[in-house]
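**Q** Each chain is listed here by its residues.
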Amino acid sequence: MAARNSFERKNLHLLLSLFAVGALAAQGCTDAANPVPSTTVVTGGNGGSGNTGGSAGKGGKGGTSSGGTSTGGSTGNEGGTGDVSSGGTGGSSASGGKGGSSASGGKGGSSATGGTGAVGEGGEGGVGAEGGAPPEPVDCDVRGDRNCYRCEPHAISPAPIWPESVNEQFHNACSDAACSPFDNASRIEGWTGTLPAP
Amino acid sequence: MLEHGRKHALAALFGCAVTAAAGAARAQECTDIEATVPKPIFGAGGSAITATLRQVAAYLAGSSDPITVFWNDPGACTGYQQYLNNSITNTAVKYYSADGTLNTCNASGHPADFAHMGNPHDFCQNLTLPSGYPDGFGTWESAVQTMNIIVDKDSSQTSISAPALYYLLTFGAGAAGRSVAPWTVPANVIVRPPTAFAHQLVAVAAANNSALQAYDDPGANGAGPGANGRLGFRGPNQDAVITEIDTRGLNDPESPIGYVSGSAADTTTARSKIKTLAFQAHGQECGYWPDSSASTLDKANVRTGKYELWTPGHFYARVGTNGLPSADVERFIKLFTETEDTEALRRIIAAGDVPQCAMRVKREGLLGAISSYAPPDPCACYFEAVATGVTDVCQSCTQDSDCTLSGAVCRRNYCEDY
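Just so you know, the sequences run in chain order L and A. Under my numbering, the first sequence has 184 at position 184, and the numbering climbs by one with no breaks. Under my numbering, the second sequence has 401 at position 401, and the numbering climbs by one with no breaks.
Please note: incorrect hints may appear among the correct ones.
Unchecked claim - Label-pair restraints from in silico Cβ distances:
hint, chain 1, residue 1, chain 2, residue 2, range
1, L, 183, A, 103, 47 to 55 Å
2, A, 109, L, 154, 46 to 54 Å
3, L, 196, A, 37, 24 to 32 Å
4, L, 154, A, 108, 31 to 39 Å
5, L, 180, A, 130, 42 to 50 Å
6, A, 364, L, 181, 35 to 43 Å
7, A, 337, L, 158, 48 to 56 Å
8, A, 66, L, 178, 20 to 28 Å
9, L, 196, A, 28, 52 to 60 Å
Said to hold, decoys possible - Reference listing, derived: stretches of chain A covered by chain L, where coverage requires no fewer than 3 residues with Cβ under 8 Å from a Cβ of chain L:
hint, segment
10, 35-46
11, 153-163
12, 282-293
No lab work stands behind these hints, which were simulated from the structure alone. Cβ coordinates follow ideal geometry from the N, Cα and C atoms, glycine included.
Required output: the full structure, derived from the provided sequences and hints.
**A** So this is what it looks like as structure tokens:
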């Protein structure tokens, strides 16, 4: 049984241990015989935590940046909105920047650092996330007496460039097989996430 | 005595030389051969199936009711067009004896009984269809074949993505602003003709376009095989691709890259020269190898749907009003599509293909979506035993009651899942 811990065993046979295999009818892997696995949706991410105001002076309100960490100019900035945004740094005599508001399901913004003015005012705490929908975990439990996943492909989000529909159980989940990621962004010059026309 | 023996040896050598010269000058006519062999059938198509077909053809030739298979493999769509035209022409049509010996003969306009391609009919460009098509033409899916993206065995690379392939094929290696490291030397990208199944599969995987031609393909304008200093070298066959990568990799193991079928990449000789990269399809977050490791041949990630560069082969044959081909052709094709004949199954597996009974997934079209599949007569355990030589992956048995796993059924002396 030397190969018992191979990937193949784990994925083709070990799953059998999760399910009692009863008497088998002469059926294939069909959706009728093997109900589509349901997915468990986790609602609401953790809201961002409020922040500690900065100790710098009060200043004007800066513009809103779009995501990322904004740096205060002469006046304090608000942190950008985004998945993980942080408040800006207060400018001279500025109020501390406002913590960024988080995107749905993202991380709440962190507080700004107050400016360096004489009568500084602490930055406003970031707005916590309201809890959006994080990526749905894929149900990797096989179904039916022949250990099937969904038997018909369907669209997933985000859709791959090609093909338009896939089963998530095969595409990016439900496997402990060794793999080697290829980082398109760092390896393909000019990669923007889409395929440029020939 | 010694002198006498030497003279005989020289005479024999001379005789062989004359025979060889004559053979080189004029191959035997297939029409002459077929008159002397039992039940000849003629087919044409791509070379991806040739190694497997040779094993099955030898088995048939040695059976108690022998069939002799003649096979012409000028390329998938080229061969398929000959089948549609019912006219096989080639100076080196292959046929096999029972011990697997390869012989060749000359055919000129010989009728075609069947065809095989990795790709479906629709992926061949500019086919000339016979009158009445598709009436009278049948199609059957057969064993799964993989396509492998290969690099020099000494390359440090481990994976490639579909977008990276797209950039390489579409803009050329080292294209300004669109290069893909480290495959930046144009002449070291080894391509195949656009009519080859190997190229079409890669083109679909990269761009969902089987007609996508490699940028500045040296053979695109009739220049034929060879390198032109841009993108790349057009290999006339799979062995040439492997040889070119090996040769170019001697001084620069990082930059050569190409693609061949799994059965070509997985031979002992090939694995001493090249290695297969993990492939990361569009939308995938990680690249997977066809096998669970570089040192095995279990095709685990193909059979479970993680490695995406695979497709079932397709047999084609003329059929009667009953939807069936001639009895001899039907018997031949069934060896690839059904599971009753264990020796044929063993030969198909040993040749590097994956019979459908070992698959747990199926897919739509050439490289479409993957879904679960439960073969009616599963052979995953038998596949692993034959393909890897490891016979204790599954429980051995002679009857169902030997199997301790609930629901398991004894098939081909192994306890399969059901």
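**Q** Now, for every hint given, state plainly whether the structure supports it.
**A** Hint by hint, here is what the structure shows:
One distance hint, 47 to 55 Å for the beta-carbon pair residue 183 of chain L and residue 103 of chain A, holds here, with the actual separation near 50 Å. Checked against the given bound of 46 to 54 Å, the beta carbons of residue 109 of chain A and residue 154 of chain L, roughly 49 Å apart, stay inside it. Taken as a hint, the range 24 to 32 Å is violated for the pair residue 196 of chain L and residue 37 of chain A, whose Cβ atoms sit roughly 55 Å apart. The given range of 31 to 39 Å is broken by residue 154 of chain L and residue 108 of chain A, whose C-beta atoms sit roughly 51 Å from each other.
Taken as a hint, the range 42 to 50 Å holds for the pair residue 180 of chain L and residue 130 of chain A, whose Cβ atoms sit roughly 46 Å apart. Taken as a hint, the range 35 to 43 Å is violated for the pair residue 364 of chain A and residue 181 of chain L, whose Cβ atoms sit roughly 26 Å apart. Taken as a hint, the range 48 to 56 Å is violated for the pair residue 337 of chain A and residue 158 of chain L, whose Cβ atoms sit roughly 37 Å apart. The hinted window of 20 to 28 Å between residue 66 of chain A and residue 178 of chain L is violated, with their beta carbons roughly 45 Å apart.
With their beta carbons about 53 Å apart, residue 196 of chain L and residue 28 of chain A fall inside the hinted range of 52 to 60 Å. For the segment 35-46 of chain A, the proposed coverage by chain L is not satisfied: 0 residues have a C-beta within less than 8 Å of a C-beta in that chain, short of the threshold of three. Using a Cβ-Cβ cut-off of 8 Å, 6 residues of the segment 153-163 of chain A lie near chain L, which meets the minimum of three, so the contact claim holds. Counting residues of the segment 282-293 of chain A whose beta carbon lies closer than 8 Å to any beta carbon of chain L gives 10, which meets the minimum of three for the stated coverage.
In terms of the numbered hints stated before, the structure departs from hints 3, 4, 6, 7, 8 and 10, listed from lowest to highest.
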